[in-house]
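One letter stands for each residue in the lines below.
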Amino acid sequence: MDLNYTAEDLAFRDTVRAFLDANLPKDLQHKVLNHKRLSKEDYVRWHKIVAKQGWVGTGWPVEYGGTGWTAVQRHIWEEECARAGTPAILPFGVNMVAPVIMAYGNEAQKRHYLPRILNCDDWWCQGYSEPGSGSDLASLKTRAERQGDYYIVNGQKTWTTLGQHADMIFCLVRTDPNARKQEGISFLLIDMKTPGITVRPIIMLDEEHEVNEVFFDNVKVPVANLIGEENKGWTYAKYLLGHERTNIAAVGRAKRELQFLKRVANKQQKNGKPLLDDPLFAAKVASLEIEIMALEMTVLRVLSQEGAKRGPGPEASMLKVKGTEVQQWLTELMVEAAGPYAMPFDPAYLEGEHEHSITGDDDAAPLAGYYFNFRKTSIYGGSNEIQKNIISQMILGL
Amino acid sequence: MDFNYTPEQQQFKDALRRFIDKDYTFEHRNKIVHSDKGVSDDAWATLTELGMTALPIPEEQGGFNGSAVDMLVVMQELGRGLVVEPYFATVVGAQFLKLAGGQEALLEQVAGGELKLAAALGEKQARHDLSDVSTTAKANGEGYVINGTKTIVIHGGQADKIIVSARTSGEQRGTNGISLFVVPADAAGVSIRDYRTLDCLRAADISFDNVQVPTSALLGKEGAGWDILDAAADYGATLLCAEAVGAMDALNAATLEYLKTRQQFGVPIGKFQVLQHRMAEMFMQAEQARSMATLAAVKVASADATERRRTVSAAKARVGQAMKYVGQQAVQLHGGMGVTNELPSAHHFKRLTMIELTLGDTDHHLARFAAQPGFKDAA
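Protein chains in written order, with my numbering: chain A, -11 to 386; chain B, 528 to 906.
One should not assume that every hint holds.
Unchecked claim - Listed next, with one range per pair, are the computed distances between beta-carbon atoms: (1) A/Gly184 - B/Gly901: 53 to 61 Å; (2) A/Ala91 - B/Glu587: 56 to 64 Å; (3) A/Asp179 - B/Gly862: 51 to 59 Å; (4) A/Gly136 - B/Asn531: 53 to 61 Å; (5) A/Met331 - B/Ser734: 53 to 61 Å; (6) B/Ala905 - A/Leu193: 22 to 30 Å.
No lab work stands behind these hints, which were simulated from the structure alone.
Glycine included, every Cβ here is placed at the ideal spot set by N, Cα and C.
All chains, full assembly: derive it from the sequences and hints.
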């Protein structure tokens, strides 16, 4: 047993650190490290910097422009990005639709979309969930009827993350209403500029516009935008979900946020002393820190079993549950640490319009919003209850 | 990075499991537990033959120089098999001897299975604080005279020699002035009250009434025993974490089996989602505990004492949380059967509960973790 990184891994980490030192713009870093809001331009700017380095497709095969990294290298990259405070490379194109195009798309689709995804020429969003189809995704109702060279799409998608910026949406649509519910679904790529598409914002608990409803009213989609075979979309959807959970434990970010939590708890006072000197609060932080240590070890154990193979098995469900519990616990303690200074809502500060928050500690100002935002993590990507179903059925055989 | 066992570790594990499955069955164990001695000489002889007593001992003294990671494998199997023999007490005692140095003859006897040890560290007022020592050792012309009482000494009644912490100077609750001694269990003035614990192990309260020991009984330097004591206790806590992981594995396996076979309302109860989720959480708790037990086994040998303390306390605290959850839920999911003394599961639960109380509970280790230098530093 050897829990140290190999010399090659350490050299790789140095390379990554050097790249981040030289290329991560300070203004972007400042926003991320201080929980400020990111614009579309912020995401695109960082994506293109990484694309220039050739490091966007961390899980992609080299033939499509991927890095061909091992699971451990991907982990190191993600951890270092989190440590440095980079914006995320949004997963919708790179980690979600791209693997499906690679596995099931035709040559024309691969040639057209994959380079554009790597370079962020298209902003992708996901059209899976519907108002009546969440965990029971296969019950989706959005219809696509074939008329000659086109599908006519009618229906509604929801929880479309950052869809307000999107150029393209990948959708699950029902092409055979008479088949068993999993068997009549197809996988369509739809240009968001097509007439008949309406995007309506949904404002979340933190009053941020992060998700949307997307309405389709007789939207004409070329048959050329069908992935694979008609009515086989469920197979592709399941394949995609297997990829979605990569890095979902987000240990790197948790480690960074733990430091942030301590910073806040050192600045806030209780009984005339830093809050972190309070044994009750220190014990909570200690418990959380230990949970992050355990999670990191568990992630590494899963990765080491997986080797260079793409996508962990049902163990990913464990990482999702424990990872999101840690994230939510972190934000909960952050609010607790901030105390009354978590109460004021200061969107101008969050948007970077003024340098300091209205009152109290600048660090404390975004934390209530952050806490409310992170309640989503145990719901999205397959709720934690669904993950426990997967663990009990796939791992435990119940 | 490599989390796999070496072929040697795998061999130890397999040999131990074969022995337990064949000759240390639950029924056999129950006979041992209810015998007068509470332990089995035959089982000890087999553990010795299998190389278990030699495993952690240096090669120069006839051992295999096994690391804490090697011991992780062994302790998991002992935890799974509910072994009540004084193995843990002996190897922790041996760790004191290794750390102190100059105890080659005794280590050789441990390797050969001829010497059983126990560490008498706790006192009535001390709770989990091992630096709270009121037992005294006063130097005289022939060596030292020890006075005081130690409580809940695991396998103290089965040991041939006892490692004792005693104060040669300093305040009662200070780390300076603690000295360590090796005392024969049959020395004049030593009285041992042996009793059973609820998890079917043995413990003892041991009184030292003007016990005269020679200068050669001193481990390390006079008054400077704390560093050895602290490190050896961390080693012990690490072994307990591993034992707990083995016990949790056994509990989870038994509970899972029960969920698949026990029928209610015409279906196996494992078909009920609320129980599936409980079982999934038990599985995840055990995996998080395994991660920390593994990390502790690697870091307990660290030359950096802060890193060692931090990691071992993290492990003991996290394992403590996991074993409480797994133990309680295993009982609940077994229903009425879970509250009887008849199932091995009941005994795994009891053992886990006692492990929580040995060498520092979860709260003790959370506080110790938070007290390490660096905890309050923030980016």
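Now for the hints, and whether the structure bears them out:
no.: 1; hint: A/Gly184 - B/Gly901: 53 to 61 Å; in the structure: holds (59 Å)
no.: 2; hint: A/Ala91 - B/Glu587: 56 to 64 Å; in the structure: holds (59 Å)
no.: 3; hint: A/Asp179 - B/Gly862: 51 to 59 Å; in the structure: holds (58 Å)
no.: 4; hint: A/Gly136 - B/Asn531: 53 to 61 Å; in the structure: holds (58 Å)
no.: 5; hint: A/Met331 - B/Ser734: 53 to 61 Å; in the structure: holds (60 Å)
no.: 6; hint: B/Ala905 - A/Leu193: 22 to 30 Å; in the structure: holds (27 Å)
Checked against the numbered hints above, the structure breaks none of them.
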